Amino acid sequence: MNNWFKSTLFLKIILLLSLFVILVIGGLTFRHISNLTSSTEVVVKTYKVNLELEQIISYLRDAESGYRNYIVTKDTFYIESYLNAHKKVNNSFLNLRNLIKVNSEQQENLKILNKLTDSLFSSFAESKVFVKNDETNTETFKTLFFKEKVIIDSIRRQSMVMFQLENKLLNERQKEFQSDLKFTPLFFYVVLLIMLLLIIIAYTKISNNLKNIKAKNDQLLIFKESTNQSEIIGKHGNWVWHIDSDKYVYSDNLYRLLGEEPQSFEATFDNFLKFVHPDDVGKLAEDLDKMIDVEELPFTNYRIIQKNGTIKYLKAYAKSFYSDSGQKRLLGNTSDVTDEIKSILTLEERNLELEQNNKELSAFNYAASHDLQEPLRKILTFISRLEEKESNNFSDTGQQYLEHIKAAASRMRLLIDDLLQFSRTNKPDKEFVNADLNELFENAKQDLTVIISEKKAQIKIATLPKATVIDFQIQQLFLNLLSNSLKYSKEETAPIIKIYYSKVEADKEPILYKAPQSHYHKITFTDNGIGFDQKYAKKIFDLFNRLHNKQDYSGTGIGLSICKKIIQNHKGFIFANGEINVGSVFTIYLPVN
Amino acid sequence: MQKDYIYIILADDDEDDILFFTDAFDELKINTKVNSFKDGEELMNYLNKDNALMPNVLFLDLNMPKKTGIECLAEIKASQKMSDIAIAIYSTSASDDDIEKTFVLGANIYIKKPSDFKKLKKVLSEVVAINWQYHTNALNKDNFLLRL
Numbered sequence: 001m002n003n004w005f006k007s008t009l010f011l012k013i014i015l016l017l018s019l020f021v022i023l024v025i026g027g028l029t030f031r032h033i034s035n036l037t038s039s040t041e042v043v044v045k046t047y048k049v050n051l052e053l054e055q056i057i058s059y060l061r062d063a064e065s066g067y068r069n070y071i072v073t074k075d076t077f078y079i080e081s082y083l084n085a086h087k088k089v090n091n092s093f094l095n096l097r098n099l100i101k102v103n104s105e106q107q108e109n110l111k112i113l114n115k116l117t118d119s120l121f122s123s124f125a126e127s128k129v130f131v132k133n134d135e136t137n138t139e140t141f142k143t144l145f146f147k148e149k150v151i152i153d154s155i156r157r158q159s160m161v162m163f164q165l166e167n168k169l170l171n172e173r174q175k176e177f178q179s180d181l182k183f184t185p186l187f188f189y190v191v192l193l194i195m196l197l198l199i200i201i202a203y204t205k206i207s208n209n210l211k212n213i214k215a216k217n218d219q220l221l222i223f224k225e226s227t228n229q230s231e232i233i234g235k236h237g238n239w240v241w242h243i244d245s246d247k248y249v250y251s252d253n254l255y256r257l258l259g260e261e262p263q264s265f266e267a268t269f270d271n272f273l274k275f276v277h278p279d280d281v282g283k284l285a286e287d288l289d290k291m292i293d294v295e296e297l298p299f300t301n302y303r304i305i306q307k308n309g310t311i312k313y314l315k316a317y318a319k320s321f322y323s324d325s326g327q328k329r330l331l332g333n334t335s336d337v338t339d340e341i342k343s344i345l346t347l348e349e350r351n352l353e354l355e356q357n358n359k360e361l362s363a364f365n366y367a368a369s370h371d372l373q374e375p376l377r378k379i380l381t382f383i384s385r386l387e388e389k390e391s392n393n394f395s396d397t398g399q400q401y402l403e404h405i406k407a408a409a410s411r412m413r414l415l416i417d418d419l420l421q422f423s424r425t426n427k428p429d430k431e432f433v434n435a436d437l438n439e440l441f442e443n444a445k446q447d448l449t450v451i452i453s454e455k456k457a458q459i460k461i462a463t464l465p466k467a468t469v470i471d472f473q474i475q476q477l478f479l480n481l482l483s484n485s486l487k488y489s490k491e492e493t494a495p496i497i498k499i500y501y502s503k504v505e506a507d508k509e510p511i512l513y514k515a516p517q518s519h520y521h522k523i524t525f526t527d528n529g530i531g532f533d534q535k536y537a538k539k540i541f542d543l544f545n546r547l548h549n550k551q552d553y554s555g556t557g558i559g560l561s562i563c564k565k566i567i568q569n570h571k572g573f574i575f576a577n578g579e580i581n582v583g584s585v586f587t588i589y590l591p592v593n
Numbered sequence: 001m002q003k004d005y006i007y008i009i010l011a012d013d014d015e016d017d018i019l020f021f022t023d024a025f026d027e028l029k030i031n032t033k034v035n036s037f038k039d040g041e042e043l044m045n046y047l048n049k050d051n052a053l054m055p056n057v058l059f060l061d062l063n064m065p066k067k068t069g070i071e072c073l074a075e076i077k078a079s080q081k082m083s084d085i086a087i088a089i090y091s092t093s094a095s096d097d098d099i100e101k102t103f104v105l106g107a108n109i110y111i112k113k114p115s116d117f118k119k120l121k122k123v124l125s126e127v128v129a130i131n132w133q134y135h136t137n138a139l140n141k142d143n144f145l146l147r148l
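So the sequence lines, in the order shown, correspond to chains X and Y. Position 72 (the first sequence) corresponds to 72 in the working numbering; numbering is contiguous. Position 111 (the second sequence) corresponds to 111 in the working numbering; numbering is contiguous.
Hints are computed from structural coordinates only; laboratory data are not their basis. There may be inaccurate statements among the hints.
As the list claims (entries may be wrong) - The calculated DSBU-like cross-link candidates involving lysine-lysine, where the alpha carbons are at most 35 Å apart (straight line), are:
id	chain 1	residue 1	chain 2	residue 2
1	Y	K122	Y	K38
2	Y	K101	X	K406
3	Y	K141	X	K571
4	X	K389	Y	K38
5	X	K211	X	K328
What the hints assert, rightly or not - Chain Y stretches covered by chain X per the calculated footprint, using a threshold of three residues with CB under 8 Å from any CB of chain X:
id	region
6	45 to 53
7	93 to 101
Model, not experiment: these values are computed from the prediction. The beta-carbon is built from N, C-alpha and C at its ideal position, and this holds for glycine as well.
Model the full structure from these sequences, guided by the hints.
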């Protein structure tokens with residue numbers, strides 16, 4: 001845009017310069033032609049002056065010869081030609097006076113000449129009397145005659161002077177004119193060269209601009225085509241509303257969105273409204289009115305009904321903008337969001353179903369384990385009553401059976417307790433609090449005091465941080481991991497459980513390549529227990545998954561699933577590493593904040 | 001009213017539990033008198049009588065027909081006459097929700113029914129021996145649930 005502006009400015013400057021140069025050329029040409037004309041006039045004038053002078057001389061000569069003929073013949077016929085010559089001389093004087101009006105020197109000369117001719121004619125008149133009286137042989141007449149000759153000579157000289165002066169002037173003029181004439185072609189040549197240069201510059205500029213425009217046009221064409229394609233693929237169309245003239249332009253695909261052939265009807269709002277769902281017409285018109293006043297509005301959603309009855313969901317967005325000439329226009333984009341809306345609806349439905357299922361499952365789990373507890377508790381209590389009050393009445397076998405019943409019931413209680421725990425862990429609405437993990441660990445340890453002292457276990461723990469967690473769940477996690485290590489200890493070896501802590505960056509822990517957070521609390525539980533085969537490292541977190549038979553180890557296969565669930569609730573990670581007869585390592589990562 | 005025994009009321013719909021409960025007090029050889037009601041409504045009818053003898057400790061099961069333990073607890077605490085009764089929640093479950101709710105409503109202690117008769121006796125003897133004045137003043141969420 002800026003470039004284009006610069007280029008038009010440049011062209012304007014060139015045009016102005018060209019106009020200026022043409023004016024200069026015109027002015028100079030006019031000056032030269034008028035100079036030429038005046039020079040010619042001067043030449044003509046000089047020639048006229050010379051001609052008149054020569055005529056005067058020749059008339060004088062005529063007068064003289066007429067006069068002389070009269071003297072010789074005394075025929076008055078010659079007096080006629082003499083008088084005629086006198087008249088013509090006077091005429092020529094008048095002409096000359098006009099011609100040399102501006103030149104004072106010539107005027108002086110002319111005056112002298114005039115005097116001379118006057119004196120010549122008066123002398124002629126004088127001598128004419130002598131001729132008439134036939135006294136031509138007298139001394140006086142001779143003197144007179146001689147005097148006339150002297151005057152004629154003076155006239156000749158005087159006219160020569162004038163003639164020369166006039167020629168001198170002519171020469172000067174011609175010289176001046178010559179120098180003008182010599183300079184003019186060069187000047188014209190230079191000016192024409194400048195003109196040519198300007199034209200060449202303008203031409204290059206214009207052809208450059210044309211090239212640019214062509215390239216831009218090409219780009220526009222490509223852009224238009226790609227817009228067309230993207231509209232078809234993206235199921236959207238665009239429209240322009242020229243508000244001042246109330247004219248609409250719809251893109252081809254907008255027609256397709258309506259289920260019509262491109263440009264198959266006149267683009268007007270009323271024609272468009274024919275497709276809009278009757279329930280949405282009011283809202284759409286209202287939204288469009290708002291769009292005129294407000295620069296930008298959020299999306300407006302409405303439905304249309306195609307001619308074949310198909311209902312489509314459309315989403316439109318418009319923005320007003322002004323043309324260079326200040327006309328307001330609304331540029332809009334309308335897209336077909338039917339698929340989106342349908343899939344959102346389906347998704348919502350599924351989500352609701354899933355949520356319902358989950359709730360039911362959770363309720364079922366909770367109720368089942370809760371309600372199962374009650375009869376079980378009674379069975380256990382009755383067993384303890386039997387043991388206490390009636391054990392003497394049992395045979396040995398009876399005693400043994402009672403022991404088995406007690407073991408089975410205890411195991412069932414364990415299972416139910418763990419299931420209950422698991423179902424509680426599943427409830428999502430838990431409160432996160434800022435808790436001291438050391439305290440939570442101590443609480444967990446407290447719950448295991450009996451078994452710790454029984455097994456003579458050593459527990460070494462690093463200082464843990466404070467963290468935002470669901471406190472009772474993390475306590476449960478610590479409890480489960482500790483009891484896991486205590487449970488799966490080697491028979492002859494006192495368990496040693498070590499807990500390490502460090503704050504780590506996710507980038508530096510290869511195992512956390514999927515981690516969304518940047519920093520994690522890494523807590524590692526290591527023990528010297530029976531360990532496990534590394535190939536089960538993932539499986540041990542599955543619900544009800546056990547690696548050992550229940551005669552040897554009393555696990556329910558729920559404890560680690562609970563751990564995993566808790567860690568998931570905290571958006572953390574848990575990993576297990578095991579080596580048979582060496583021990584196991586459980587590593588947990590809890591997001592920092 | 002002066003009496004030389006500890007008067008105990010149990011509200012529980014489970015006959016087995018009533019049996020364990022009374023058996024336990026029989027064996028404990030503390031001078032107690034145990035009265036039991038099979039549901040919340042029966043209990044409240046008794047307590048609301050003008051001349052009703054108020055118990056020293058009321059053991060309240062939560063899951064009862066007609067009127068639940070929670071409803072009874074709320075009613076008792078709202079009544080001027082009964083609000084001083086020491087109330088021990090006596091329930092199969094010890095879910096966080098139940099513990100939280102009963103604590104807020106003003107119960108004095110929460111007992112999870114043990115599954116061992118010896119333990120039951122121990123729990124009951126401890127509860128009966130509690131100095132309620134002292135216990136209530138020091139009551140908080142952590143010592144509300146009785147742990148053995």
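Structure-based check of each hint:
As the CA atoms of Y/K122 and Y/K38 are separated by approximately 24 Å, the hinted pair is consistent with the 35 Å bound. For a cut-off of 35 Å, the pair hint linking Y/K101 to X/K406 stands: about 34 Å separates their Cα positions. Restraint check: the Cα-Cα separation between Y/K141 and X/K571 comes to about 28 Å, which is no more than 35 Å; the hinted pair holds. Distance hint between X/K389 and Y/K38 is fulfilled; the C-alpha atoms sit about 27 Å from each other, no more than 35 Å.
Between X/K211 and X/K328 the alpha-carbon distance is near 31 Å, which keeps this suggested pair within the 35 Å criterion. Only residues whose beta carbon comes within less than 8 Å of a beta carbon in chain X count, and the region 45 to 53 of chain Y has 0; fewer than three means the coverage is violated. Only residues whose beta carbon comes within less than 8 Å of a beta carbon in chain X count, and the region 93 to 101 of chain Y has 3; three or more means the coverage holds.
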